[in-house]
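Number of protein chains: 2
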Amino acid sequence: MDKLNLTKHISSQFNDEIEQIRNHIMAMGGLIEQQLSDALNAIAGSNAELAQQVIANDLLVNDWEIKIDAECTRIIAKRQPAASDLRLILTIIRAISDLERIGDEAERIAKVALESFSSAQQDLLVNLENMGRHVAQMLHDVLDAFARMDVEAALAVYKEDKKVDREYEAITRQLMTYMMEDPRSIPKIMNVLWSARALERIGDRCKNISEYVISFVKGRDVRHSDEDSLEQNARS
Amino acid sequence: MDKLNLTKHISSQFNDEIEQIRNHIMAMGGLIEQQLSDALNAIAGSNAELAQQVIANDLLVNDWEIKIDAECTRIIAKRQPAASDLRLILTIIRAISDLERIGDEAERIAKVALESFSSAQQDLLVNLENMGRHVAQMLHDVLDAFARMDVEAALAVYKEDKKVDREYEAITRQLMTYMMEDPRSIPKIMNVLWSARALERIGDRCKNISEYVISFVKGRDVRHSDEDSLEQNARS
Chain U
88 MDKLNLTKHI
98 SSQFNDEIEQ
108 IRNHIMAMGG
118 LIEQQLSDAL
128 NAIAGSNAEL
138 AQQVIANDLL
148 VNDWEIKIDA
158 ECTRIIAKRQ
168 PAASDLRLIL
178 TIIRAISDLE
188 RIGDEAERIA
198 KVALESFSSA
208 QQDLLVNLEN
218 MGRHVAQMLH
228 DVLDAFARMD
238 VEAALAVYKE
248 DKKVDREYEA
258 ITRQLMTYMM
268 EDPRSIPKIM
278 NVLWSARALE
288 RIGDRCKNIS
298 EYVISFVKGR
308 DVRHSDEDSL
318 EQNARS
Chain Z
88 MDKLNLTKHI
98 SSQFNDEIEQ
108 IRNHIMAMGG
118 LIEQQLSDAL
128 NAIAGSNAEL
138 AQQVIANDLL
148 VNDWEIKIDA
158 ECTRIIAKRQ
168 PAASDLRLIL
178 TIIRAISDLE
188 RIGDEAERIA
198 KVALESFSSA
208 QQDLLVNLEN
218 MGRHVAQMLH
228 DVLDAFARMD
238 VEAALAVYKE
248 DKKVDREYEA
258 ITRQLMTYMM
268 EDPRSIPKIM
278 NVLWSARALE
288 RIGDRCKNIS
298 EYVISFVKGR
308 DVRHSDEDSL
318 EQNARS
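Chain order of the listed sequences is U and Z.
Anchor point for the first sequence: position 26 equals 113 in our numbering, and the numbering is continuous, going up by one each time.
Anchor point for the second sequence: position 193 equals 280 in our numbering, and the numbering is continuous, going up by one each time.
To be clear, the hints were calculated from the coordinates, so they are not data collected in a lab.
Among the hints, erroneous ones may be present.
Pairs count within a copy or across copies, as identical chains cannot be separated in the list.
Calculated pairs, PhoX-like style, for lysine-lysine (alpha carbon to alpha carbon, straight line, at most 25 Å) [claimed, not checked]:
| hint | residue 1 | residue 2 |
| --- | --- | --- |
| 1 | K165 | K198 |
| 2 | K165 | K250 |
| 3 | K249 | K275 |
| 4 | K154 | K305 |
| 5 | K305 | K198 |
| 6 | K305 | K275 |
Start from the sequences and build out the full structure, keeping to the hints where you can.
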């Protein structure tokens, strides 16, 4: 995650407090990137110990959310920021909520690494891992876009989500076919399916954060817009 | 949803604005209850027309979120509320975000009603409907708890979520067994499974809102606590 460059968006009055929140978001974002990466590595290497570590570390993610949230509330109460500063704080509150949920999904994915798979099933996991790397990149990119409040970068993440959705659909079809051919594998493969779903949800949440970036910089709420009007808003 | 009784929690200064936001949350909550109820009725009656209506109406839910969100931002900027008033507004912002996501899940459930099911499969839907009624009651109760900022009622919803989780697990097992016995049904039954998952997520979000109520009234962030310490906090 790049250095968080929000300075140009705020009045000098509460620079210090924002500086601290900024360090905390970077720490939280870095932790969640690590959690997702560890969860994917745990699956790739059938590493139950690493998976357990991801599950345990989700508590740290939760702590960050509560901590940053409290800081944001305090800064609003204390500084009574004006319109744009206030919108920045509210944007941060929203973003950390999505980040925390991304952490929850990483924990769900890690749980799949606690299962043992046959070698035929291992082959199915390869596509999950590929989708995982794609989503991890999206997460990295959206954290950067957020740090720099970069509309173009946010727009790129927004568009990437469609590709992740297509990957998810392809994996779902493949897994369903496998289950139809080997019905006894259903309970196990269902867990792989839930992981794919968790990755798809992480993509959605990265897209949410990209919408917050665009909404904040453009001063217009672009959530729930269709892609064309969002792009138009972002570039106007 | 009961009349929203937040008055005792706010200073008289911005009563009027809060009154308006309150009416809007009630309208949004009522719409989402209707959406969930319609989605469940669409499944029960194989009513594709009703399902399409739920899907179309999700736009209205999104509009409410953006509208109430903007009102909350405006009221903070204009009134610069002190600690407790500010926490109330931030609680509202959080709650409407969960409500909007509940609307999304209702839309997902409605899509299942667009499928046609054999009579054996119809039997599987009965359990889904039962779970649906249970979750709809939870939604109703949490909206009431929110309207009255009632900690005991919120705590009851919080505890109900465990029962919903167990119902979800039972349905999942039943659906997996059915798929193992009739592998050709997998694609169709998967849709039922996604609906059960959507209901389980609605339960989670109702639980989130119950945590916001407890956190607000008690002035302590109880998110991510375990049940025992949450109950202790709620009752202290």
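Q. Quick check: which numbered hints come out false for this structure?
A. 1, 2, 5, 6
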